[in-house]
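Chains as they are written, first to last, in numbering that gives the first Met the number 0: chain A, 0 to 324; chain B, 0 to 561; chain C, 0 to 311.
I should point out that these hints are in silico values taken from the structure, not numbers from a laboratory.
For glycine and all other residues, C-beta sits at the position ideal for the given N, C-alpha and C.
Certain hints may be false.
[Unchecked claim] Listed next, with one range per pair, are the computed distances between beta-carbon atoms:
| hint | chain 1 | residue 1 | chain 2 | residue 2 | range |
| --- | --- | --- | --- | --- | --- |
| 1 | B | P114 | C | A47 | 55 to 61 Å |
| 2 | B | E195 | A | V310 | 55 to 61 Å |
| 3 | A | K94 | C | D297 | 50 to 56 Å |
| 4 | A | K8 | C | I280 | 43 to 49 Å |
| 5 | C | F161 | B | P114 | 26 to 32 Å |
| 6 | C | G131 | A | P61 | 36 to 42 Å |
| 7 | A | K184 | B | K441 | 57 to 63 Å |
| 8 | A | G76 | B | P483 | 41 to 47 Å |
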Amino acid sequence: MEMKKFILKRGIEIVIIFFVILTTLFLLFHMAPGDPISRMIDPTMNPEDAQQLISELGLDQPVWTQYLYYLKNFFTGHFGVSFHYGRPVLEIIGKRLPNTIILFTSSIILSALVGIFMGKIAAWHKGKKTDTFMTVGALVLHTLFLPWLALIFIWVFAYKVGWFPLTGIISAEVWTNPNAGFLLKTLDVLHHMALPLFTLFVIHFGSYLLIMRSSMLETLREDYILTARAKGLEEKTVRNHHAAPNAALPVITSIGLSLAFSISGGAITETVFTWPGIGRELVFSVSNSDYPLAQASFLLIALIVLLSNLVVDVLYAYVDPRIRY
Amino acid sequence: MAMLLPLLFFASCGSRTAADTLRIGIAEEPRTLNIWLASDANSRKILSQIYQALYTRDPETLEMIPWLAEKSPKYEPDNLAYTVKLRPAKWSDGTEVTSEDVAFTAYVIKKFNVPRLISTWRFVKKIETPDLYTVKFYLKKPNAVFLTRTLTAPIVQKRQWEGIVKRALERKKPLATLLNEKIERPIGTGPYVLEEWRQGAYLHLRKNRFFFGKGRIVNGRVLGPFVEHIILKIFGTSDVAVLALKKGSIDFLWWGIQPGYIDDLLKDKNIRVFFSKKSALYFMGFNLRKPPFKDRALRRAVAMLIDRQFIVTRILQGYGSRMLSVVPEGNRFYYNSQVPRYGFGMTRDERIRAAYAILSRAGYTWDVPPIDAKGGLVAAKGMRLPDGRPMEDFTILTPPSDYDPHRAIAGIMIQEWLRDMGMPAFAKPMPFGALLQKVKAKHDFDAFVLGYGKLSLDPDYLRSFFHSSGDKPRGWNMSGYRNPVYDKLADASRAAMDPEIRRKLIKQMQEIVLKDVPYFPLYNPTLIEAVRKDRFEGWVEMLEGIGNIWSFCELKAFAGGE
Amino acid sequence: MSEAIAKISTRKKTPATSYRTERLKENWHVFRESLLGKLGLILLSIFALMALCSFIPPLIDPMYNPMSGVDPLVSHSVGPSFRHWLGTDFIGRDIFSQLLGGARIAFMVGISAAFMSIFIGTIIGMVAGYAGKTVDSLLMRFADMIMVMPTLLVVLILSSLFGQLNIWTIVLLIALFRWPGVSRVIRAQTLSLKQRPFIDAARVAGASHFRIIFKHITPNVLPLALLYMTFRVTSAIIIEAALAFLGFGDPGTVSWGMMLQWVWKTGNMFQAPYWLLPPGICISLITLSFYMLGRAMDEVLDPRLRSVKQMR
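Model the full structure from these sequences, guided by the hints.
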């Protein structure tokens, strides 16, 4: 029952934070130099269509009323019409969202699992060659510059070696083939996801490894580990069943703390690999000065970050009862 | 994962044979398949395979030849009427193309004031359809662009659009309704029809078995099309697209290629690189409505200081040519080479001295003049206006480097050249949409570097760019040039039906523009495209590239041996 | 009585001061012994040297100016030679000078952003720690909220509203999103300092809150803040590089990220490794060096992480 209260509390906090973000963006939109209306409505749109959109979005109202319209529109999905695509923004980001979720979630889970696993081993072999190799490796990989690494991966794996597709999420050859079944199409998507996933994994797992390692070292000094050993349990059991699960907790916290960094990294990866997700759409729409799409993409990403934080906090609370209150 | 890969390879082999599918790489998603809304290049590329016009241009001579029309139009000078006879042709749904469709197309354009098309249809007073295959156009007054611009508009099927038009007219905002109509299956007369559009990934076109040109011989060319399928793959970045071409996942990159890739592509035995001339104008524009560029002497001095050779050699890597006039050199009939040349062919030394001469004569002074007491060159500082006040900072707006690195870098180099002279110049890359807003809509700028990548061969744009009537928000006269003498010449050139008279007028107009320099022409880039040699052959080279209707009609699978 | 207390609080060498010196000495010893610290310092010095040397090439010959200096003989991208140690970019500018200039920009961005965020974070952290209760809670909630936002993407949306940003605006924006980390640490320090007797003494002597914060707490908190946070500059450098790479940087500055953008957009990505590799390696290595120094600082602060050699 405490759990429910906890989730509710955090949930309310997130709603408040999101409102603050919404409002701040609204204020900035009006304070920025230039004409707010022409920022939101494509100036090359013909006047009648523009007028209809203006009234729909409430842009001809006084500022206070506009704010209410803005909130209402956000929750009913009226984000305006994209300058570039000429289609409603909702339609576009609706299609992009699943792609980002798939890539983002898999990369976090994969990096965390491998980071935890390898960190555990590194701690166990502390001081020896394995440990040094892993630690140095993790450190170096974690500090590589993401866009640069992504480009090099494309060149090596997609071009020189040719195992992976160069770009995008699906191959036209597979999807225009009338004989291709569901399994084949799924495999095709996975095939395209491999490189971006790998890139994100390389950048992120290092930090999880290092955190797991130091956390594991601390945990191994704890009393209950001494007790477990004294009880005569096998080293392996002690390590994997007693120490590791507790040592893994700080990694979960760190996932939460570095979510902002992971999302930015996700956006860069999507851009370089042309993975049609929300992150790429944000970058693309800002380059095109397509404000309606940029605003909606940004808000959606903010929402994703906040919800991910909630998920991580809940997960942590579930695993460690001490922090629930 | 390793086990899955062979599976994929087998699967893709099982699909249609590679020889019947042309895979093309394009830059971005097309915006729409609605012909009235399509303003972006990618939409037009797709729709140009589907919708055809009464006349089109021959790839070699660039002359107008009959396409959906059977022969050249018959002109009746007394009535200002043109009669066009239609070729027997069918729409992609099997129904016949009739004069009703042509009349209907004109009706839609005029009734709704369809942007971009209405300007060339406004002066068509009346259209008659004496029989199913004859159309008669009556003009309000003589207009030189009728043949070259009006009759090249795409013809739509009355049947497909009738209902939509009727509904749109009932609405409060008819044009908006018309433009926003989502057309899933455009019915056209071209060599291909749309089979599928998977947003974000690809478009699939299929051969149109009703294509009127099928099997015909037009101007000595045997038309197909011979390739069954076209798949257009959408790439986000050009470097990946080039890699795809080298790797073999696409056969043709329908996108201008950056010069940096050339060496590598030329070395590849399987790739052929095409260099096509563009009918383009990349230029620096000035705002004549306010200082500092209100002063012609300053504009001329700036023109003098710009090293066009540098731009072509370094920025374009040699793939382009300097432009002397606002009409491209390739437009041989209208091009005037006898215009003021400014710094053309001069060294930096000569350039600075020449600019110095112009500016000092006009009364400009410096805190540190570019020419010292002994007559040697120094870095000038602090230029002052003729009234003695120091010059205020001015900005040169350019598109951002990820949109067009050439213009962005050109802006930066121009900034440096002007600063050498003591001018407080600042190059400012800006997102393209915002740039157009500032320059075209609000007229809030000092100078800019922009370009028209696809200038029509008909030089009517000289009238739109510099006639004083165009000096209004969103008008084409972005610089605010107002010259009554020029206006008169421009109006006369529009009305001149005799090509020789028109040519003379156009040449005079170029001279005036280059004397007053509201725009200073910089360069004309070469269009670089590449294809895989081992896949298809029959590409037709034409002004503006090989992605033209002739290539698509003549392309065949590569038959050659090893 | 009050005289004596007043004397105590104005005495120059307070117990707090000598304690501080002791600690600094110990910290330096720990730092010196750390392998990571040493490596980090060496790498960082190389970059600092690069940044300082960036003024030299344009003085040798104007063609070495990173922004506008072109080699009159070379007009496209060529490989390394005696004239151009790392070759030239696509219009003939020297890549090595650009690399040196980039080091200067990286330091400027990193250090300025760090100082700005330290400034903001210290003030907020101190106020929160000192005031406690509602103010503390509100400020920390605010800090949490800021920390959650992905800085890169926020700068992106701001640039879509405000147009192309210049380098200082970017630095300021980065600082505005990095201060929460500082404020937490400072707040913790302030909380613990608040309990110390010398603070009580000052309060009893009648010092205002303001004076207490600035004269007594700040000196104790600031060295820690500076040491701790200066090595968190990495994210500022990476964010600026990523922004420049994507095309949203300041076009007038030649940063490493901007170099990568040019090599990408002009189609030399896969033909010119001498142009592609150096900026990427530099960004990665400078990040690594700051990270190593940061880890060394961790060892200074947290005795449990120290190796045997570092123990006295």
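A quick look at each hint next to the structure:
1. P114(B) x A47(C): 55 to 61 Å: holds, 58 Å
2. E195(B) x V310(A): 55 to 61 Å: violated, 37 Å
3. K94(A) x D297(C): 50 to 56 Å: Violated - the Cβ-Cβ distance for K94(A) and D297(C), about 44 Å, lies outside 50 to 56 Å.
4. K8(A) x I280(C): 43 to 49 Å: holds, 46 Å
5. F161(C) x P114(B): 26 to 32 Å: holds, 30 Å
6. G131(C) x P61(A): 36 to 42 Å: Because 41 Å falls inside the window, the suggested range holds.
7. K184(A) x K441(B): 57 to 63 Å: violated, 49 Å
8. G76(A) x P483(B): 41 to 47 Å: violated, 54 Å
In the structure shown, a violation is registered for the earlier hints numbered 2, 3, 7, 8, in ascending order.
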